[in-house]
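Participant: My request is simple: use the sequences and hints to build the entire structure.
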Amino acid sequence: MPYELRGKGVITGISIAKVMKLGEDLQSYIDAYTPGTAEEEVSKIKEALAYAAEVLQTNIKTLRDKGMLEQAGIMEAHRMMVQDPMLEENAMLKLGACGSAPKAVLEASEENASIFEQMDDTYFRERAVDIRDVGKRVTRRILGLKEKTVDGGAVILCGEEIEPSVIANIPTEKIAGVILGNGSTTCHAVIIAKARAIPTVAGLGDKIKDIPDNAEVILNGETGEIFVEPTEDLIASYQVKLEEQRRLKEHYAQLSKLPTVTKDGVEVDLMANISTHLDVEAAMKFGAKGVGLFRSEFLFMGRDTIPDEETQFKAYKEAIEKCNGHLCVIRTMDIGGDKPLPYLNIPEEENPFLGYRAIRICLNRREVFMPQVKAILRAGLYGKAAMMLPMVINVEEVKQVRAIIEEAKSQLAHEEKPFSNNVQLGIMVETPAAAVMTPVLAKYLDFFSIGTNDLVQYTLAVDRVNTNVSYLYNHFNPAVLRLIKLTIESARNNNIWVGMCGEMASDPNAAAILMAMGINELSMSAPSIPRVKEKIRSITSAQAKAALDTVMTMEDGNAIKEYLQTAL
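Going from the sequence shown to my numbering is simple: count from 1 and add 88.
Take the hints with a grain of salt, since some may be wrong.
What the hints assert, rightly or not - Using 25 Å as the maximum straight-line C-alpha spacing, the simulated PhoX-like pairs for lysine-lysine come out as follows:
(1) LYS106 <-> LYS295
(2) LYS329 <-> LYS373
(3) LYS154 <-> LYS282
(4) LYS262 <-> LYS329
(5) LYS96 <-> LYS337
(6) LYS134 <-> LYS149
(7) LYS282 <-> LYS106
(8) LYS96 <-> LYS262
(9) LYS282 <-> LYS297
(10) LYS633 <-> LYS573
(11) LYS149 <-> LYS402
(12) LYS351 <-> LYS373
(13) LYS472 <-> LYS345
(14) LYS345 <-> LYS623
If you are wondering where the hints come from, they were derived from the structure by calculation, not from laboratory data.
Facilitator: Given below as C-alpha coordinates:
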(Lines of atoms letter the chains of each structure in order from A and count residues from 1; the text may use other names and numbers.)
(Lines give C-alpha, C1' and ligand atoms only; values in the text may rest on other atoms or scores of the structure.)
Protein backbone atom coordinates (compact mmCIF):
# COMPACT_ATOMS: atom_id res chain seq x y z
CA MET A 1 0.00 0.00 0.00
CA PRO A 2 1.63 3.27 -1.08
CA TYR A 3 1.99 6.04 1.51
CA GLU A 4 3.79 9.36 1.91
CA LEU A 5 6.20 10.58 4.59
CA ARG A 6 7.74 14.03 4.94
CA GLY A 7 11.01 15.08 6.48
CA LYS A 8 13.34 17.99 5.92
CA GLY A 9 15.00 18.21 2.52
CA VAL A 10 18.69 18.90 3.16
CA ILE A 11 20.35 18.02 -0.17
CA THR A 12 18.31 18.67 -3.29
CA GLY A 13 17.64 16.12 -6.01
CA ILE A 14 15.21 13.32 -6.88
CA SER A 15 15.95 9.61 -6.72
CA ILE A 16 13.96 6.40 -7.19
CA ALA A 17 15.46 3.20 -5.77
CA LYS A 18 15.14 0.34 -3.30
CA VAL A 19 15.83 1.02 0.37
CA MET A 20 18.72 -0.49 2.30
CA LYS A 21 17.94 -0.23 6.01
CA LEU A 22 20.98 0.40 8.19
CA GLY A 23 21.61 0.55 11.91
CA GLU A 24 21.42 -3.22 12.41
CA ASP A 25 20.53 -4.45 15.88
CA LEU A 26 23.73 -6.04 17.15
CA GLN A 27 22.03 -7.26 20.32
CA SER A 28 20.81 -10.50 18.75
CA TYR A 29 24.35 -11.31 17.61
CA ILE A 30 25.71 -10.49 21.08
CA ASP A 31 23.08 -12.71 22.72
CA ALA A 32 24.19 -15.60 20.49
CA TYR A 33 27.88 -14.96 21.15
CA THR A 34 29.83 -17.48 23.26
CA PRO A 35 32.63 -15.79 25.24
CA GLY A 36 36.04 -17.38 25.63
CA THR A 37 38.38 -17.08 28.57
CA ALA A 38 39.01 -13.69 30.19
CA GLU A 39 42.40 -13.49 28.42
CA GLU A 40 40.83 -14.34 25.06
CA GLU A 41 38.14 -11.65 25.46
CA VAL A 42 40.75 -9.03 26.40
CA SER A 43 42.80 -10.02 23.35
CA LYS A 44 39.72 -9.73 21.09
CA ILE A 45 39.03 -6.16 22.25
CA LYS A 46 42.64 -5.12 21.74
CA GLU A 47 42.81 -6.77 18.30
CA ALA A 48 39.51 -5.21 17.15
CA LEU A 49 40.57 -1.72 18.28
CA ALA A 50 43.92 -2.07 16.49
CA TYR A 51 42.22 -3.42 13.34
CA ALA A 52 39.66 -0.59 13.29
CA ALA A 53 42.43 2.00 13.64
CA GLU A 54 44.36 0.39 10.77
CA VAL A 55 41.31 0.31 8.48
CA LEU A 56 40.46 3.92 9.30
CA GLN A 57 44.05 5.00 8.59
CA THR A 58 43.82 3.35 5.14
CA ASN A 59 40.48 5.08 4.51
CA ILE A 60 41.94 8.44 5.56
CA LYS A 61 44.85 8.08 3.13
CA THR A 62 42.49 7.13 0.28
CA LEU A 63 40.25 10.12 0.97
CA ARG A 64 43.20 12.51 1.23
CA ASP A 65 44.66 11.20 -2.04
CA LYS A 66 41.31 11.95 -3.70
CA GLY A 67 41.32 15.48 -2.26
CA MET A 68 38.33 14.69 -0.03
CA LEU A 69 39.87 16.47 2.95
CA GLU A 70 36.63 17.17 4.80
CA GLN A 71 35.69 13.49 4.77
CA ALA A 72 39.26 12.55 5.71
CA GLY A 73 38.94 14.85 8.71
CA ILE A 74 35.79 13.06 9.84
CA MET A 75 37.46 9.65 9.56
CA GLU A 76 40.52 11.02 11.37
CA ALA A 77 38.26 11.97 14.27
CA HIS A 78 36.98 8.37 14.29
CA ARG A 79 40.52 7.02 14.31
CA MET A 80 41.31 9.17 17.34
CA MET A 81 38.19 7.86 19.09
CA VAL A 82 39.27 4.26 18.40
CA GLN A 83 42.71 4.97 19.84
CA ASP A 84 41.41 6.97 22.80
CA PRO A 85 42.59 5.11 25.95
CA MET A 86 39.29 6.04 27.60
CA LEU A 87 37.35 3.72 25.24
CA GLU A 88 39.65 0.76 25.87
CA GLU A 89 39.75 1.35 29.64
CA ASN A 90 35.96 1.63 29.83
CA ALA A 91 35.55 -1.50 27.69
CA MET A 92 37.88 -3.45 29.99
CA LEU A 93 35.87 -2.34 33.03
CA LYS A 94 32.64 -3.48 31.36
CA LEU A 95 34.32 -6.76 30.38
CA GLY A 96 35.11 -7.45 34.03
CA ALA A 97 31.41 -7.21 34.81
CA CYS A 98 29.88 -9.03 31.82
CA GLY A 99 32.64 -11.31 30.48
CA SER A 100 31.67 -10.68 26.83
CA ALA A 101 34.01 -8.64 24.61
CA PRO A 102 31.39 -7.40 22.09
CA LYS A 103 28.92 -6.52 24.83
CA ALA A 104 31.64 -4.67 26.78
CA VAL A 105 32.67 -2.55 23.76
CA LEU A 106 29.09 -1.71 22.83
CA GLU A 107 28.20 -0.74 26.41
CA ALA A 108 31.37 1.36 26.76
CA SER A 109 30.75 3.29 23.53
CA GLU A 110 27.08 3.79 24.43
CA GLU A 111 28.06 5.18 27.84
CA ASN A 112 30.55 7.58 26.21
CA ALA A 113 27.96 8.61 23.60
CA SER A 114 25.38 9.30 26.32
CA ILE A 115 27.78 11.74 27.97
CA PHE A 116 28.02 13.71 24.71
CA GLU A 117 24.24 13.62 24.18
CA GLN A 118 23.71 15.42 27.48
CA MET A 119 25.87 18.39 26.45
CA ASP A 120 24.20 21.72 25.67
CA ASP A 121 26.15 22.36 22.48
CA THR A 122 24.56 20.93 19.32
CA TYR A 123 27.90 20.05 17.74
CA PHE A 124 28.98 17.85 20.63
CA ARG A 125 25.54 16.24 20.93
CA GLU A 126 25.80 15.16 17.30
CA ARG A 127 29.25 13.64 17.87
CA ALA A 128 27.48 10.93 19.88
CA VAL A 129 26.65 9.36 16.50
CA ASP A 130 30.36 9.17 15.70
CA ILE A 131 31.14 7.51 19.04
CA ARG A 132 28.44 4.88 18.43
CA ASP A 133 29.79 4.41 14.89
CA VAL A 134 33.23 3.61 16.31
CA GLY A 135 31.75 1.27 18.94
CA LYS A 136 29.71 -0.65 16.37
CA ARG A 137 32.69 -0.90 14.03
CA VAL A 138 34.81 -2.52 16.77
CA THR A 139 31.92 -4.72 17.93
CA ARG A 140 31.26 -6.01 14.40
CA ARG A 141 34.94 -6.96 14.11
CA ILE A 142 34.76 -9.03 17.33
CA LEU A 143 31.54 -10.70 16.14
CA GLY A 144 33.04 -11.42 12.71
CA LEU A 145 30.38 -9.39 10.85
CA LYS A 146 31.25 -7.81 7.52
CA GLU A 147 30.96 -4.09 6.72
CA LYS A 148 27.89 -3.04 4.71
CA THR A 149 28.32 -3.34 0.94
CA VAL A 150 25.96 -2.68 -1.97
CA ASP A 151 25.59 -5.39 -4.59
CA GLY A 152 23.73 -4.62 -7.80
CA GLY A 153 22.18 -1.23 -8.49
CA ALA A 154 22.24 1.94 -6.42
CA VAL A 155 20.18 2.03 -3.20
CA ILE A 156 18.70 4.62 -0.86
CA LEU A 157 20.42 4.28 2.52
CA CYS A 158 17.90 4.57 5.34
CA GLY A 159 18.36 4.63 9.08
CA GLU A 160 17.60 6.47 12.29
CA GLU A 161 21.28 7.34 12.46
CA ILE A 162 23.60 6.34 9.63
CA GLU A 163 27.20 5.99 10.62
CA PRO A 164 29.45 8.36 8.63
CA SER A 165 31.89 5.51 7.96
CA VAL A 166 29.16 3.54 6.17
CA ILE A 167 28.52 6.33 3.64
CA ALA A 168 32.24 7.03 3.30
CA ASN A 169 32.97 3.37 2.47
CA ILE A 170 30.27 2.90 -0.20
CA PRO A 171 31.06 4.19 -3.74
CA THR A 172 29.04 7.29 -4.67
CA GLU A 173 27.49 5.61 -7.72
CA LYS A 174 25.98 2.96 -5.44
CA ILE A 175 24.10 5.52 -3.29
CA ALA A 176 20.95 6.95 -4.90
CA GLY A 177 19.87 8.82 -1.78
CA VAL A 178 19.96 9.03 2.01
CA ILE A 179 17.08 9.08 4.51
CA LEU A 180 17.78 9.90 8.17
CA GLY A 181 15.45 9.67 11.14
CA ASN A 182 17.66 12.05 13.08
CA GLY A 183 20.47 14.25 11.80
CA SER A 184 20.86 17.84 10.73
CA THR A 185 22.84 19.82 8.18
CA THR A 186 25.91 19.60 10.44
CA CYS A 187 25.91 15.87 11.20
CA HIS A 188 28.80 14.03 9.59
CA ALA A 189 26.59 11.72 7.52
CA VAL A 190 25.02 14.77 5.83
CA ILE A 191 28.39 16.48 5.34
CA ILE A 192 29.70 13.44 3.47
CA ALA A 193 26.48 13.12 1.42
CA LYS A 194 26.63 16.81 0.50
CA ALA A 195 30.22 16.49 -0.67
CA ARG A 196 28.98 13.79 -3.05
CA ALA A 197 25.76 15.62 -4.08
CA ILE A 198 23.57 12.71 -2.86
CA PRO A 199 19.87 13.68 -2.44
CA THR A 200 19.11 13.55 1.28
CA VAL A 201 16.09 13.91 3.56
CA ALA A 202 16.54 14.08 7.35
CA GLY A 203 14.43 14.57 10.46
CA LEU A 204 11.82 11.82 9.96
CA GLY A 205 12.01 10.84 13.62
CA ASP A 206 10.04 7.70 14.52
CA LYS A 207 8.45 7.66 11.06
CA ILE A 208 11.69 6.12 9.78
CA LYS A 209 10.39 2.80 11.19
CA ASP A 210 7.51 2.90 8.69
CA ILE A 211 9.94 2.34 5.80
CA PRO A 212 10.55 -1.40 5.26
CA ASP A 213 13.88 -2.77 4.12
CA ASN A 214 14.07 -3.25 0.33
CA ALA A 215 10.94 -1.12 -0.24
CA GLU A 216 10.88 0.95 -3.41
CA VAL A 217 10.99 4.65 -2.56
CA ILE A 218 10.79 8.01 -4.32
CA LEU A 219 12.89 10.62 -2.51
CA ASN A 220 12.67 14.38 -3.12
CA GLY A 221 15.63 16.09 -1.47
CA GLU A 222 14.21 19.55 -2.12
CA THR A 223 10.74 19.20 -0.61
CA GLY A 224 11.53 16.45 1.92
CA GLU A 225 8.81 14.20 0.43
CA ILE A 226 9.24 10.42 0.55
CA PHE A 227 6.84 8.07 -1.22
CA VAL A 228 7.04 4.47 0.00
CA GLU A 229 5.96 1.71 -2.43
CA PRO A 230 4.65 4.30 -4.93
CA THR A 231 2.11 3.44 -7.60
CA GLU A 232 3.20 2.94 -11.20
CA ASP A 233 1.53 6.24 -12.10
CA LEU A 234 3.46 8.12 -9.41
CA ILE A 235 6.73 6.49 -10.49
CA ALA A 236 5.97 7.50 -14.08
CA SER A 237 5.34 11.11 -13.03
CA TYR A 238 8.64 11.22 -11.14
CA GLN A 239 10.46 9.62 -14.05
CA VAL A 240 9.33 12.70 -15.96
CA LYS A 241 10.77 14.89 -13.19
CA LEU A 242 14.03 12.94 -13.33
CA GLU A 243 14.20 13.61 -17.04
CA GLU A 244 13.51 17.30 -16.36
CA GLN A 245 16.30 17.22 -13.79
CA ARG A 246 18.65 15.75 -16.40
CA ARG A 247 17.63 18.37 -19.02
CA LEU A 248 18.00 21.16 -16.47
CA LYS A 249 21.50 19.93 -15.73
CA GLU A 250 22.32 20.14 -19.45
CA HIS A 251 20.74 23.61 -19.65
CA TYR A 252 22.81 24.79 -16.70
CA ALA A 253 25.93 23.43 -18.39
CA GLN A 254 25.24 25.76 -21.32
CA LEU A 255 24.73 28.70 -18.94
CA SER A 256 28.21 28.20 -17.51
CA LYS A 257 29.77 29.91 -20.52
CA LEU A 258 27.54 33.01 -20.32
CA PRO A 259 28.08 36.15 -18.19
CA THR A 260 25.92 36.85 -15.12
CA VAL A 261 24.34 40.05 -16.39
CA THR A 262 20.81 41.46 -16.15
CA LYS A 263 18.72 42.29 -19.22
CA ASP A 264 19.77 45.93 -18.84
CA GLY A 265 23.48 45.23 -18.48
CA VAL A 266 24.25 45.09 -14.73
CA GLU A 267 26.80 42.36 -14.00
CA VAL A 268 27.50 40.42 -10.80
CA ASP A 269 30.42 38.04 -10.30
CA LEU A 270 29.38 34.54 -9.22
CA MET A 271 32.16 32.69 -7.45
CA ALA A 272 32.60 29.35 -5.71
CA ASN A 273 33.00 28.24 -2.11
CA ILE A 274 35.60 25.46 -1.98
CA SER A 275 37.14 23.24 0.71
CA THR A 276 40.33 22.26 -1.13
CA HIS A 277 42.44 23.41 -4.07
CA LEU A 278 41.24 20.28 -5.90
CA ASP A 279 37.68 21.73 -6.01
CA VAL A 280 38.57 24.64 -8.30
CA GLU A 281 38.37 22.85 -11.65
CA ALA A 282 34.93 21.41 -10.88
CA ALA A 283 33.73 24.87 -9.79
CA MET A 284 34.87 26.41 -13.07
CA LYS A 285 32.74 23.89 -14.98
CA PHE A 286 29.67 25.37 -13.27
CA GLY A 287 30.68 28.85 -14.45
CA ALA A 288 32.42 30.14 -11.32
CA LYS A 289 34.35 33.36 -11.90
CA GLY A 290 37.01 32.59 -9.34
CA VAL A 291 36.85 31.51 -5.69
CA GLY A 292 35.02 33.64 -3.15
CA LEU A 293 35.74 31.36 -0.19
CA PHE A 294 38.58 28.88 0.16
CA ARG A 295 37.94 27.19 3.52
CA SER A 296 41.58 26.73 4.44
CA GLU A 297 40.77 24.93 7.70
CA PHE A 298 40.25 21.71 5.74
CA LEU A 299 44.00 21.69 5.10
CA PHE A 300 44.34 21.43 8.88
CA MET A 301 41.85 18.58 9.28
CA GLY A 302 42.55 14.88 8.89
CA ARG A 303 46.11 15.37 10.15
CA ASP A 304 48.12 14.68 13.30
CA THR A 305 50.03 17.99 13.17
CA ILE A 306 49.67 21.54 11.88
CA PRO A 307 50.41 21.73 8.11
CA ASP A 308 53.69 23.58 7.59
CA GLU A 309 54.18 26.69 5.47
CA GLU A 310 55.35 24.73 2.43
CA THR A 311 52.34 22.38 2.45
CA GLN A 312 49.97 25.34 2.65
CA PHE A 313 51.86 27.33 0.03
CA LYS A 314 51.53 24.52 -2.54
CA ALA A 315 47.77 24.19 -1.95
CA TYR A 316 47.09 27.94 -2.14
CA LYS A 317 49.35 28.34 -5.19
CA GLU A 318 47.52 25.58 -7.05
CA ALA A 319 44.10 27.07 -6.27
CA ILE A 320 45.19 30.56 -7.33
CA GLU A 321 46.70 29.30 -10.57
CA LYS A 322 43.56 27.34 -11.43
CA CYS A 323 41.49 30.53 -11.10
CA ASN A 324 43.15 31.68 -14.34
CA GLY A 325 43.61 35.32 -13.38
CA HIS A 326 40.34 35.59 -11.43
CA LEU A 327 40.31 36.29 -7.71
CA CYS A 328 40.90 33.55 -5.14
CA VAL A 329 39.81 34.53 -1.62
CA ILE A 330 41.48 32.41 1.05
CA ARG A 331 39.82 32.48 4.45
CA THR A 332 42.34 32.07 7.24
CA MET A 333 41.88 29.09 9.51
CA ASP A 334 38.34 29.02 10.95
CA ILE A 335 38.97 26.37 13.58
CA GLY A 336 36.94 26.03 16.77
CA GLY A 337 33.16 26.09 17.09
CA ASP A 338 32.00 23.18 14.91
CA LYS A 339 35.52 22.31 13.72
CA PRO A 340 37.81 21.52 16.68
CA LEU A 341 41.32 20.14 16.09
CA PRO A 342 42.58 17.73 18.76
CA TYR A 343 46.25 18.55 18.15
CA LEU A 344 45.71 22.21 19.05
CA ASN A 345 44.78 21.12 22.59
CA ILE A 346 41.93 23.62 22.91
CA PRO A 347 39.84 22.89 26.03
CA GLU A 348 36.19 21.96 25.53
CA GLU A 349 33.78 24.89 25.94
CA GLU A 350 30.11 25.08 26.84
CA ASN A 351 29.40 27.23 23.78
CA PRO A 352 32.27 26.95 21.29
CA PHE A 353 30.43 28.97 18.61
CA LEU A 354 30.81 32.00 20.88
CA GLY A 355 34.15 31.00 22.29
CA TYR A 356 37.79 30.54 21.41
CA ARG A 357 37.75 30.14 17.64
CA ALA A 358 38.87 31.52 14.25
CA ILE A 359 40.75 34.84 14.41
CA ARG A 360 40.84 34.64 18.21
CA ILE A 361 42.98 31.51 18.03
CA CYS A 362 45.13 32.92 15.22
CA LEU A 363 46.00 36.11 17.09
CA ASN A 364 46.80 34.12 20.22
CA ARG A 365 48.70 31.29 18.52
CA ARG A 366 51.29 32.93 16.24
CA GLU A 367 52.97 29.58 15.56
CA VAL A 368 49.73 28.51 13.85
CA PHE A 369 48.89 31.79 12.10
CA MET A 370 52.29 33.01 10.85
CA PRO A 371 53.00 30.05 8.52
CA GLN A 372 49.56 30.52 6.95
CA VAL A 373 50.04 34.26 6.39
CA LYS A 374 53.47 33.64 4.83
CA ALA A 375 52.11 30.86 2.60
CA ILE A 376 49.28 33.08 1.31
CA LEU A 377 51.67 35.98 0.61
CA ARG A 378 53.97 33.66 -1.33
CA ALA A 379 51.12 32.08 -3.29
CA GLY A 380 49.84 35.56 -4.19
CA LEU A 381 52.63 35.84 -6.79
CA TYR A 382 50.85 33.28 -8.98
CA GLY A 383 47.61 35.14 -9.63
CA LYS A 384 45.04 37.34 -7.94
CA ALA A 385 44.75 36.54 -4.24
CA ALA A 386 42.98 37.81 -1.15
CA MET A 387 43.18 36.95 2.55
CA MET A 388 39.92 36.93 4.51
CA LEU A 389 39.64 36.96 8.31
CA PRO A 390 36.75 35.11 10.05
CA MET A 391 34.88 36.15 13.21
CA VAL A 392 36.26 39.70 13.41
CA ILE A 393 34.37 41.96 15.82
CA ASN A 394 36.52 45.10 16.07
CA VAL A 395 39.15 47.32 14.44
CA GLU A 396 41.90 46.26 16.86
CA GLU A 397 41.85 42.70 15.48
CA VAL A 398 42.36 44.03 11.95
CA LYS A 399 45.24 46.24 13.11
CA GLN A 400 46.91 43.26 14.79
CA VAL A 401 46.63 41.21 11.59
CA ARG A 402 48.07 44.10 9.56
CA ALA A 403 51.09 44.09 11.90
CA ILE A 404 51.47 40.32 11.55
CA ILE A 405 51.38 40.62 7.76
CA GLU A 406 54.19 43.17 7.85
CA GLU A 407 56.19 40.91 10.14
CA ALA A 408 55.58 37.99 7.76
CA LYS A 409 56.88 40.06 4.84
CA SER A 410 60.03 40.91 6.80
CA GLN A 411 60.62 37.24 7.58
CA LEU A 412 60.10 36.23 3.96
CA ALA A 413 62.48 38.92 2.74
CA HIS A 414 65.11 37.74 5.25
CA GLU A 415 64.57 34.13 4.08
CA GLU A 416 64.87 35.30 0.45
CA LYS A 417 61.46 33.87 -0.43
CA PRO A 418 59.56 35.94 -3.03
CA PHE A 419 56.09 37.16 -2.05
CA SER A 420 53.31 39.45 -3.30
CA ASN A 421 52.61 42.95 -2.01
CA ASN A 422 49.20 42.90 -3.70
CA VAL A 423 47.28 40.36 -1.62
CA GLN A 424 44.02 42.02 -0.61
CA LEU A 425 42.87 41.91 3.01
CA GLY A 426 39.23 41.61 3.98
CA ILE A 427 36.97 40.22 6.67
CA MET A 428 33.90 38.03 6.88
CA VAL A 429 31.08 40.16 8.20
CA GLU A 430 29.39 37.44 10.22
CA THR A 431 28.81 39.06 13.61
CA PRO A 432 26.36 41.88 14.33
CA ALA A 433 29.28 43.78 15.90
CA ALA A 434 31.23 43.70 12.63
CA ALA A 435 28.16 44.67 10.58
CA VAL A 436 27.39 47.68 12.80
CA MET A 437 31.04 48.76 12.67
CA THR A 438 31.48 48.41 8.89
CA PRO A 439 31.58 52.22 8.37
CA VAL A 440 34.77 52.21 10.49
CA LEU A 441 36.20 48.82 9.53
CA ALA A 442 36.02 49.72 5.82
CA LYS A 443 38.82 52.25 6.30
CA TYR A 444 41.29 49.45 7.14
CA LEU A 445 40.30 46.84 4.54
CA ASP A 446 40.12 46.10 0.82
CA PHE A 447 36.81 44.21 0.91
CA PHE A 448 33.97 42.73 2.96
CA SER A 449 32.41 39.29 2.45
CA ILE A 450 29.15 38.79 4.30
CA GLY A 451 28.91 35.38 5.98
CA THR A 452 25.16 35.01 6.38
CA ASN A 453 25.16 31.57 8.02
CA ASP A 454 26.50 33.00 11.28
CA LEU A 455 25.23 36.55 10.77
CA VAL A 456 21.62 35.32 10.67
CA GLN A 457 22.21 32.97 13.60
CA TYR A 458 23.84 35.60 15.81
CA THR A 459 21.49 38.43 14.84
CA LEU A 460 18.33 36.41 15.53
CA ALA A 461 19.77 34.42 18.48
CA VAL A 462 18.65 31.25 16.70
CA ASP A 463 20.60 28.00 16.60
CA ARG A 464 19.96 27.00 13.00
CA VAL A 465 20.29 23.26 13.72
CA ASN A 466 17.95 23.28 16.74
CA THR A 467 14.67 21.90 15.42
CA ASN A 468 12.72 23.68 18.16
CA VAL A 469 13.69 27.14 16.89
CA SER A 470 15.00 26.57 13.36
CA TYR A 471 11.73 27.93 11.91
CA LEU A 472 12.89 31.37 13.13
CA TYR A 473 16.08 31.16 11.06
CA ASN A 474 15.36 33.32 8.00
CA HIS A 475 17.85 35.38 5.99
CA PHE A 476 14.97 37.59 4.86
CA ASN A 477 14.33 38.77 8.41
CA PRO A 478 14.22 42.61 8.25
CA ALA A 479 16.91 42.93 10.96
CA VAL A 480 19.29 40.82 8.88
CA LEU A 481 18.49 42.71 5.67
CA ARG A 482 19.23 46.03 7.36
CA LEU A 483 22.64 44.83 8.56
CA ILE A 484 23.45 43.56 5.07
CA LYS A 485 22.36 46.83 3.48
CA LEU A 486 24.47 48.81 5.96
CA THR A 487 27.50 46.64 5.15
CA ILE A 488 27.10 47.13 1.40
CA GLU A 489 26.63 50.89 1.77
CA SER A 490 29.70 51.12 4.04
CA ALA A 491 31.80 49.35 1.44
CA ARG A 492 30.62 51.52 -1.43
CA ASN A 493 31.06 54.73 0.60
CA ASN A 494 34.69 53.75 1.21
CA ASN A 495 35.40 52.51 -2.34
CA ILE A 496 36.00 48.88 -1.41
CA TRP A 497 34.20 45.89 -2.91
CA VAL A 498 31.70 43.72 -1.05
CA GLY A 499 30.57 40.16 -1.59
CA MET A 500 28.68 37.39 0.19
CA CYS A 501 29.75 33.80 0.87
CA GLY A 502 26.93 32.47 3.05
CA GLU A 503 23.98 30.28 2.04
CA MET A 504 21.88 33.36 1.28
CA ALA A 505 24.07 33.98 -1.78
CA SER A 506 22.76 30.76 -3.36
CA ASP A 507 19.09 31.84 -3.05
CA PRO A 508 18.16 33.21 -6.52
CA ASN A 509 15.58 35.69 -5.19
CA ALA A 510 17.95 36.88 -2.48
CA ALA A 511 20.67 37.29 -5.12
CA ALA A 512 18.39 39.64 -7.06
CA ILE A 513 17.80 42.05 -4.17
CA LEU A 514 21.45 41.83 -3.10
CA MET A 515 22.39 42.96 -6.59
CA ALA A 516 19.92 45.83 -6.19
CA MET A 517 21.63 46.78 -2.92
CA GLY A 518 24.89 47.07 -4.85
CA ILE A 519 26.76 43.89 -3.99
CA ASN A 520 29.74 43.10 -6.23
CA GLU A 521 30.02 39.34 -5.98
CA LEU A 522 28.19 36.29 -4.66
CA SER A 523 30.02 33.12 -3.68
CA MET A 524 28.29 29.77 -3.20
CA SER A 525 28.62 26.02 -3.60
CA ALA A 526 29.40 25.48 -7.27
CA PRO A 527 26.21 23.52 -8.18
CA SER A 528 24.12 26.52 -7.06
CA ILE A 529 25.74 28.92 -9.54
CA PRO A 530 23.56 28.08 -12.59
CA ARG A 531 20.25 28.72 -10.76
CA VAL A 532 21.42 32.10 -9.51
CA LYS A 533 22.85 33.01 -12.90
CA GLU A 534 19.57 32.12 -14.60
CA LYS A 535 17.63 34.37 -12.20
CA ILE A 536 19.94 37.36 -12.70
CA ARG A 537 19.85 36.96 -16.48
CA SER A 538 16.03 36.79 -16.48
CA ILE A 539 15.38 40.20 -14.86
CA THR A 540 16.34 43.86 -15.18
CA SER A 541 18.12 45.81 -12.47
CA ALA A 542 15.06 48.09 -12.40
CA GLN A 543 12.85 45.11 -11.46
CA ALA A 544 15.27 44.13 -8.71
CA LYS A 545 15.42 47.68 -7.32
CA ALA A 546 11.63 47.98 -7.30
CA ALA A 547 11.42 44.68 -5.40
CA LEU A 548 14.08 45.88 -2.95
CA ASP A 549 12.23 49.13 -2.29
CA THR A 550 9.12 47.16 -1.37
CA VAL A 551 11.05 44.62 0.71
CA MET A 552 12.69 47.29 2.85
CA THR A 553 9.25 48.57 3.91
CA MET A 554 8.03 45.11 4.96
CA GLU A 555 8.03 43.87 8.55
CA ASP A 556 8.04 40.08 8.33
CA GLY A 557 10.71 37.75 6.89
CA ASN A 558 8.27 35.08 5.76
CA ALA A 559 6.12 37.67 4.00
CA ILE A 560 9.24 39.00 2.25
CA LYS A 561 10.13 35.52 1.04
CA GLU A 562 6.62 34.98 -0.36
CA TYR A 563 6.56 38.43 -1.97
CA LEU A 564 9.87 37.86 -3.79
CA GLN A 565 8.69 34.50 -5.08
CA THR A 566 5.84 36.32 -6.84
CA ALA A 567 7.54 39.61 -7.74
CA LEU A 568 10.59 37.98 -9.33
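Participant: Compare the structure with the hints numbered earlier in the document and write down the numbers of the violated ones, lowest to highest.
Facilitator: none
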